[in-house]
Amino acid sequence: MEQMYTGDRNETESVDLMRLAGRDAIRAILSEDSRVASLPIIQKAGKISDLINAFAEVLGNSEAENQYKTVLIVAGFEVCNKLVLAESSHYYNDKLEQALLVKMAIKKVLHQLAGIDVLGLSDINYSNLIKSEIEEFRIIFNEWVLSFDKSTFSSDGWNIPL
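For the record, in the sequence shown the residue sitting at position 132 is 132 according to the working numbering, with numbers rising by one throughout.
Simulated from the structure, these hints should not be mistaken for lab results. Note that CB positions come from ideal geometry on N, CA and C, so glycine has one too. Check the hints yourself; a few may be wrong.
Capping the alpha-carbon separation at 20 Å, the derived lysine-lysine pairs in PhoX-like fashion look like this [stated by the list, open to error]:
{"id": "1", "residue 1": "K150", "residue 2": "K47"}
{"id": "2", "residue 1": "K150", "residue 2": "K82"}
{"id": "3", "residue 1": "K103", "residue 2": "K47"}
{"id": "4", "residue 1": "K150", "residue 2": "K131"}
{"id": "5", "residue 1": "K47", "residue 2": "K108"}
{"id": "6", "residue 1": "K103", "residue 2": "K82"}
{"id": "7", "residue 1": "K82", "residue 2": "K107"}
{"id": "8", "residue 1": "K47", "residue 2": "K107"}
{"id": "9", "residue 1": "K150", "residue 2": "K108"}
{"id": "10", "residue 1": "K82", "residue 2": "K47"}
{"id": "11", "residue 1": "K107", "residue 2": "K150"}
{"id": "12", "residue 1": "K108", "residue 2": "K131"}
Derived DEER-like restraints, expressed as beta-carbon distance ranges [stated by the list, open to error]:
{"id": "13", "residue 1": "G60", "residue 2": "T152", "range": "46 to 52 Å"}
{"id": "14", "residue 1": "A54", "residue 2": "A114", "range": "29 to 35 Å"}
{"id": "15", "residue 1": "D149", "residue 2": "A64", "range": "43 to 49 Å"}
{"id": "16", "residue 1": "F153", "residue 2": "I124", "range": "18 to 24 Å"}
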């Protein structure tokens, strides 16, 4: 006699497989998060972001200072965010594009610090500390970009050599 398919057994097996795959996926994600968090460039970016946030706290509350604070904090966040996005991509051009956005965010931080210095809105030692960390970051950043695997280039149809 032929066995009738009821669906119950396969649904249970599917659920068990999904749970197992879910655990494996969670392990993979946690492992990748741990790998990314341990990268020197991520650690340095986190330190810069923390310094920017601390610096923003000592600025006053004038309209100009609030604008500088906002731009600095957003740019510090962008640096960290774009680095993680680059690390999560397999493709050379995606990594390079995110690296360019990191560079632009860092330049935005430097421009804001220069404006704050010129206007005398804060003790110059604070901004010099951030600039010093950014210089160390730049060296790590350049090494990181050189580590990208060019063989993983995938055209995105925009014809920009990234």
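Now for the hints, and whether the structure bears them out:
The hinted pair formed by K150 and K47 fails the criterion: a straight-line CA distance of about 29 Å is larger than 20 Å. The hinted pair formed by K150 and K82 meets the criterion: a straight-line CA distance of about 19 Å does not exceed 20 Å. With a C-alpha separation of about 16 Å, the suggested pairing of K103 with K47 holds against the 20 Å cut-off. Our distance criterion of 20 Å between C-alpha atoms is broken by K150 and K131, whose separation comes to about 31 Å.
Restraint check for K47 and K108: the C-alpha separation of about 17 Å stays at or below 20 Å, so the hint holds. Between the alpha carbons of K103 and K82 the distance comes to roughly 10 Å, so the proposed pair stays at or under 20 Å and holds. With a C-alpha separation of about 14 Å, the suggested pair K82 and K107 falls inside the 20 Å cut-off, and the hint holds. The straight-line distance between the Cα atoms of K47 and K107 is roughly 17 Å, inside the 20 Å bound, and the hint therefore holds.
Pair hint K150 plus K108 does not hold up; C-alpha atoms about 28 Å apart against a cutoff of 20 Å. For a cut-off of 20 Å, the pair hint linking K82 to K47 stands: about 15 Å separates their Cα positions. Note on K107 and K150: the hinted pairing is violated, with a Cα-Cα distance of about 25 Å set against a maximum of 20 Å. The suggested pairing of K108 with K131 holds, with an alpha-carbon distance near 12 Å, which does not exceed 20 Å.
For the pair G60 and T152, the supplied restraint of 46 to 52 Å holds, since their beta-carbon distance comes to about 47 Å. Evaluation of the 29 to 35 Å hint for A54 and A114 yields a failure: the beta carbon distance comes to about 19 Å. Checked against the hint of 43 to 49 Å, the C-beta distance between D149 and A64 comes to roughly 44 Å, which is consistent with it. A hinted range of 18 to 24 Å is violated for the C-beta pair F153 and I124, which are about 43 Å apart.
In the structure shown, a violation is registered for the earlier hints numbered 1, 4, 9, 11, 14, 16, in ascending order.
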